[in-house]
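**Student:** Chain by chain, the residues:
Number of protein chains: 4
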Amino acid sequence: MRKKLYEAIFESNTRAGKLFDIFLLWIIIISVLIVFLESIPELSLYHKKLFYYAEWSVTILFTIEYLLRIYVAPKPWKYIKSFWGFIDFLSIAPTYIDLLFPGYHYLLVVRIFRLLRVFRVLKLVRYIKESEIHFAALKSSFHKISVFFIAVISIVITMGTIMYVVEGGENGFDSIPQSIYWAVVTVTTVGYGDIVPKTFAGKFIASLSMIIGYAIIAVPTGIFTVEISRAGSLLKKCDKCNSLIPSDSIFCNKCGSKV
Amino acid sequence: MRKKLYEAIFESNTRAGKLFDIFLLWIIIISVLIVFLESIPELSLYHKKLFYYAEWSVTILFTIEYLLRIYVAPKPWKYIKSFWGFIDFLSIAPTYIDLLFPGYHYLLVVRIFRLLRVFRVLKLVRYIKESEIHFAALKSSFHKISVFFIAVISIVITMGTIMYVVEGGENGFDSIPQSIYWAVVTVTTVGYGDIVPKTFAGKFIASLSMIIGYAIIAVPTGIFTVEISRAGSLLKKCDKCNSLIPSDSIFCNKCGSKV
Amino acid sequence: MRKKLYEAIFESNTRAGKLFDIFLLWIIIISVLIVFLESIPELSLYHKKLFYYAEWSVTILFTIEYLLRIYVAPKPWKYIKSFWGFIDFLSIAPTYIDLLFPGYHYLLVVRIFRLLRVFRVLKLVRYIKESEIHFAALKSSFHKISVFFIAVISIVITMGTIMYVVEGGENGFDSIPQSIYWAVVTVTTVGYGDIVPKTFAGKFIASLSMIIGYAIIAVPTGIFTVEISRAGSLLKKCDKCNSLIPSDSIFCNKCGSKV
Amino acid sequence: MRKKLYEAIFESNTRAGKLFDIFLLWIIIISVLIVFLESIPELSLYHKKLFYYAEWSVTILFTIEYLLRIYVAPKPWKYIKSFWGFIDFLSIAPTYIDLLFPGYHYLLVVRIFRLLRVFRVLKLVRYIKESEIHFAALKSSFHKISVFFIAVISIVITMGTIMYVVEGGENGFDSIPQSIYWAVVTVTTVGYGDIVPKTFAGKFIASLSMIIGYAIIAVPTGIFTVEISRAGSLLKKCDKCNSLIPSDSIFCNKCGSKV
Numbered sequence: 001m002r003k004k005l006y007e008a009i010f011e012s013n014t015r016a017g018k019l020f021d022i023f024l025l026w027i028i029i030i031s032v033l034i035v036f037l038e039s040i041p042e043l044s045l046y047h048k049k050l051f052y053y054a055e056w057s058v059t060i061l062f063t064i065e066y067l068l069r070i071y072v073a074p075k076p077w078k079y080i081k082s083f084w085g086f087i088d089f090l091s092i093a094p095t096y097i098d099l100l101f102p103g104y105h106y107l108l109v110v111r112i113f114r115l116l117r118v119f120r121v122l123k124l125v126r127y128i129k130e131s132e133i134h135f136a137a138l139k140s141s142f143h144k145i146s147v148f149f150i151a152v153i154s155i156v157i158t159m160g161t162i163m164y165v166v167e168g169g170e171n172g173f174d175s176i177p178q179s180i181y182w183a184v185v186t187v188t189t190v191g192y193g194d195i196v197p198k199t200f201a202g203k204f205i206a207s208l209s210m211i212i213g214y215a216i217i218a219v220p221t222g223i224f225t226v227e228i229s230r231a232g233s234l235l236k237k238c239d240k241c242n243s244l245i246p247s248d249s250i251f252c253n254k255c256g257s258k259v
Numbered sequence: 001m002r003k004k005l006y007e008a009i010f011e012s013n014t015r016a017g018k019l020f021d022i023f024l025l026w027i028i029i030i031s032v033l034i035v036f037l038e039s040i041p042e043l044s045l046y047h048k049k050l051f052y053y054a055e056w057s058v059t060i061l062f063t064i065e066y067l068l069r070i071y072v073a074p075k076p077w078k079y080i081k082s083f084w085g086f087i088d089f090l091s092i093a094p095t096y097i098d099l100l101f102p103g104y105h106y107l108l109v110v111r112i113f114r115l116l117r118v119f120r121v122l123k124l125v126r127y128i129k130e131s132e133i134h135f136a137a138l139k140s141s142f143h144k145i146s147v148f149f150i151a152v153i154s155i156v157i158t159m160g161t162i163m164y165v166v167e168g169g170e171n172g173f174d175s176i177p178q179s180i181y182w183a184v185v186t187v188t189t190v191g192y193g194d195i196v197p198k199t200f201a202g203k204f205i206a207s208l209s210m211i212i213g214y215a216i217i218a219v220p221t222g223i224f225t226v227e228i229s230r231a232g233s234l235l236k237k238c239d240k241c242n243s244l245i246p247s248d249s250i251f252c253n254k255c256g257s258k259v
Numbered sequence: 001m002r003k004k005l006y007e008a009i010f011e012s013n014t015r016a017g018k019l020f021d022i023f024l025l026w027i028i029i030i031s032v033l034i035v036f037l038e039s040i041p042e043l044s045l046y047h048k049k050l051f052y053y054a055e056w057s058v059t060i061l062f063t064i065e066y067l068l069r070i071y072v073a074p075k076p077w078k079y080i081k082s083f084w085g086f087i088d089f090l091s092i093a094p095t096y097i098d099l100l101f102p103g104y105h106y107l108l109v110v111r112i113f114r115l116l117r118v119f120r121v122l123k124l125v126r127y128i129k130e131s132e133i134h135f136a137a138l139k140s141s142f143h144k145i146s147v148f149f150i151a152v153i154s155i156v157i158t159m160g161t162i163m164y165v166v167e168g169g170e171n172g173f174d175s176i177p178q179s180i181y182w183a184v185v186t187v188t189t190v191g192y193g194d195i196v197p198k199t200f201a202g203k204f205i206a207s208l209s210m211i212i213g214y215a216i217i218a219v220p221t222g223i224f225t226v227e228i229s230r231a232g233s234l235l236k237k238c239d240k241c242n243s244l245i246p247s248d249s250i251f252c253n254k255c256g257s258k259v
Numbered sequence: 001m002r003k004k005l006y007e008a009i010f011e012s013n014t015r016a017g018k019l020f021d022i023f024l025l026w027i028i029i030i031s032v033l034i035v036f037l038e039s040i041p042e043l044s045l046y047h048k049k050l051f052y053y054a055e056w057s058v059t060i061l062f063t064i065e066y067l068l069r070i071y072v073a074p075k076p077w078k079y080i081k082s083f084w085g086f087i088d089f090l091s092i093a094p095t096y097i098d099l100l101f102p103g104y105h106y107l108l109v110v111r112i113f114r115l116l117r118v119f120r121v122l123k124l125v126r127y128i129k130e131s132e133i134h135f136a137a138l139k140s141s142f143h144k145i146s147v148f149f150i151a152v153i154s155i156v157i158t159m160g161t162i163m164y165v166v167e168g169g170e171n172g173f174d175s176i177p178q179s180i181y182w183a184v185v186t187v188t189t190v191g192y193g194d195i196v197p198k199t200f201a202g203k204f205i206a207s208l209s210m211i212i213g214y215a216i217i218a219v220p221t222g223i224f225t226v227e228i229s230r231a232g233s234l235l236k237k238c239d240k241c242n243s244l245i246p247s248d249s250i251f252c253n254k255c256g257s258k259v
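Chains as they are written, first to last, in full-length UniProt numbering: chain G, 1 to 259; chain P, 1 to 259; chain L, 1 to 259; chain Z, 1 to 259.
All the pointers check out, no bait thrown in.
If several chains are the same, the list does not tell them apart, and a pair holds so long as it fits within one copy or across any two.
For lysine-lysine, the following DSSO-like pairs were computed, each having C-alpha atoms within a straight-line distance of at most 30 Å:
no.: 1; residue 1: K75; residue 2: K3
no.: 2; residue 1: K48; residue 2: K198
no.: 3; residue 1: K18; residue 2: K78
no.: 4; residue 1: K49; residue 2: K198
no.: 5; residue 1: K3; residue 2: K81
no.: 6; residue 1: K18; residue 2: K75
no.: 7; residue 1: K78; residue 2: K3
no.: 8; residue 1: K4; residue 2: K78
no.: 9; residue 1: K4; residue 2: K81
no.: 10; residue 1: K18; residue 2: K81
Read the hints as simulated data drawn from the structure, not as lab findings.
Chain G on its own, in the form it takes in the complex (with noise of 0.2 Å):
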């Protein structure tokens, strides 16, 4: 019996195990519509008792699975302290902590890590770590490109500070963070508009940054290209010949010996 619903709750090779995943995705994705909804004011005041019991019920549901799942595991220790197991924790704790301790109504939102369950029930993590040598890369690469940061970061806090000093806090650049938000905001091309320069230098220097910004983000990208692109192309030299050739190479393609 243990063994049977181990198999429908941890794997999902069965038949129970499949309807168990595809049951329990749904349930995930309801929760997680649950929290995304009652966080919309209109809809919490006038369904106030839909999500009362819409949400208990997602809540006992899990709570009913986390103990199952406790009670199947061959080292139950091990699984509560695993990965999972915190995030199954999570799942349900908010609910429970509500009840006692209410008032800390923001606490709520540790909720939405529901949604990290997707990803075990999807075997994405699977598929990721499949997506290996991009992640070799950007690791590789994202070493190379903390240059690029220190780059980012210096020049919004000089184009920051210059323009506190040149626009001043009349005009909305009040204090050296908040100028520094604004080179944030410019560099990276996103332009809220909430903080905008006046004066004819502000303009001046505010276009510079632009442009510094919209080129500066080819480095990033030709770092990462060329990083994915050495991962990807595993080129071996031929023992013979010495030319280069692909690395899934049975034969050497310009003088034909075996490799």
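Guided by the hints, dock chains P, L and Z onto chain G, whose structure is given.
**Tutor:** Relative to chain G, chains P, L and Z alone:
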């Protein structure tokens, strides 16, 4: 007679076919312009009659064309059920439906699909098919880019939820969906400025989102560039074993035969 | 005398030619600054006379230069009808036309073309020609990028029309052209914020447009990168005749010698 | 004694040197935070005294450090005239100048250069030097990218001038410089929304500018990617010592063996 009409309507090698195509192209452009201009309140109010007559002229011309196409097609039902047959029907149906059931004015927007007919006249579909390599690259990289989309969606949901807690309804972050909308606007560097962080903590988190969004664009660009480079670079088929090999090969690296 | 003048005006190898170039460069910069500054209402109001005299000084200098160029050119008519002859004429014509037919003040904007003359003085055209490889890449990829432009235009028309139906005139989406303008602003990630979705459905569709626009930039970047890489990488110099030939050549395709 | 102090201050191999570095790093961070926070009007008003004492504490510590550095340096004048000597002087000078000539409050912003000292403590300069390849690529591609900048500036001036004529002062396009500022904001896809086209023609031209700006980013990205790929691809492994060396080497630059 019917064969000649078929050549004129469905083909474009003959003089008549070319004339028919040019005539049709102009009617399509005029018909789309009518849809565009009619949607402008000032114009549709003062030139109601003009639009009425223009629309019906175009519709009647398209109806004649549609009936002719059915008449000359070797297998009329095959044409009617084909993609282009459906588009042709969609070009005339809304006007007639509006005559029978007035009041659903927005339905008329469907007439915008007339634009698709330009693709047939200009043989753009064939043109697009010719750049198959890019579509293959797009397809194979979209599979990989999906990891990027999962990342963007995760970032957007996380940042949106955090900002909902940090900024709250009084600063425009009314609900989680609204905050996620803000996060999409920010991470994609669109930056409307309709919702904007007001608190210090909010501005700091927003700055982080911007820099992430600014840098993360390197990922799909890098993947697609490498993919397109690989797809286009230089593969040819081995005469013996039909496997794809680098185009500068002298020996096939799969079967070892001389190319 | 005339030959010396020709050398000074048309060439820049002699001392006189270099001095003439530097002098001309300054006059051009001043003349463009006049156009810029004159367009600022406060300045043009309070310094009307100053601008009047400055403009006429520059125009007279340019007129003298123009007449001298005609005088010293071996084939005056050829110069007058050449590209640079036309630009030189355009630099002085607006001021005289304004004298004869005042009231078309906006015509004076044509004087901005004086800026083009900087290209001649700085020999920028030759400089641009030197990076021929990039232009070849741009040209051959623009052909391919046209598919991308068709895609962008299709997305923009579709998204604009959908938003016109979903949001409607009361939210700023007055007409289809207006909505398409909004779609361009959004898909290109410019994001002015002058027209902004208000309804939930509108915000959802807008978010989709943003993510599409954010990701689709990878396409022209990828195509151009590969094109430029191919244009620059597959060439080498022939030992014999020094011409650029594909790097995998065994025989030079210019002089036929074995490489 | 002096030698020990030298080791502690200028080097970081000894225990004393490491402790000194960590201590200095904290003081620098605090001193920059003071500059940031002092610029916030509410804070500087209510905590005037706190900032006063904090600033002087930091300045005195930096002064002691500066004098010590002069004292222990083998060639004091060489240190004073060096880049870091100048930065160290710039870190303390503004506070003393403000004491002597109060009223030039904005001068205090110069203290932001203290941030540069973080680079020395963290040895970031060496770190940046290590990624020399990227800088070489950036340098050689900036030469090529300059054509791109000329293109952007030409587009921006042309589009700005056209919009000045089309939209005019009543729609916010007051002058040509103002319109060029709008064009920079638009072409770089920043899009503040402070100046926005109102007329139909203006919106059409703006849409064109956006699409150009959106697509043209492919140019520097492509050039830089190819450049960086070329800079990185010219490395090969030494047969003897396995270190990466330029691919055109005849002798390994690490172990000196012939390749």
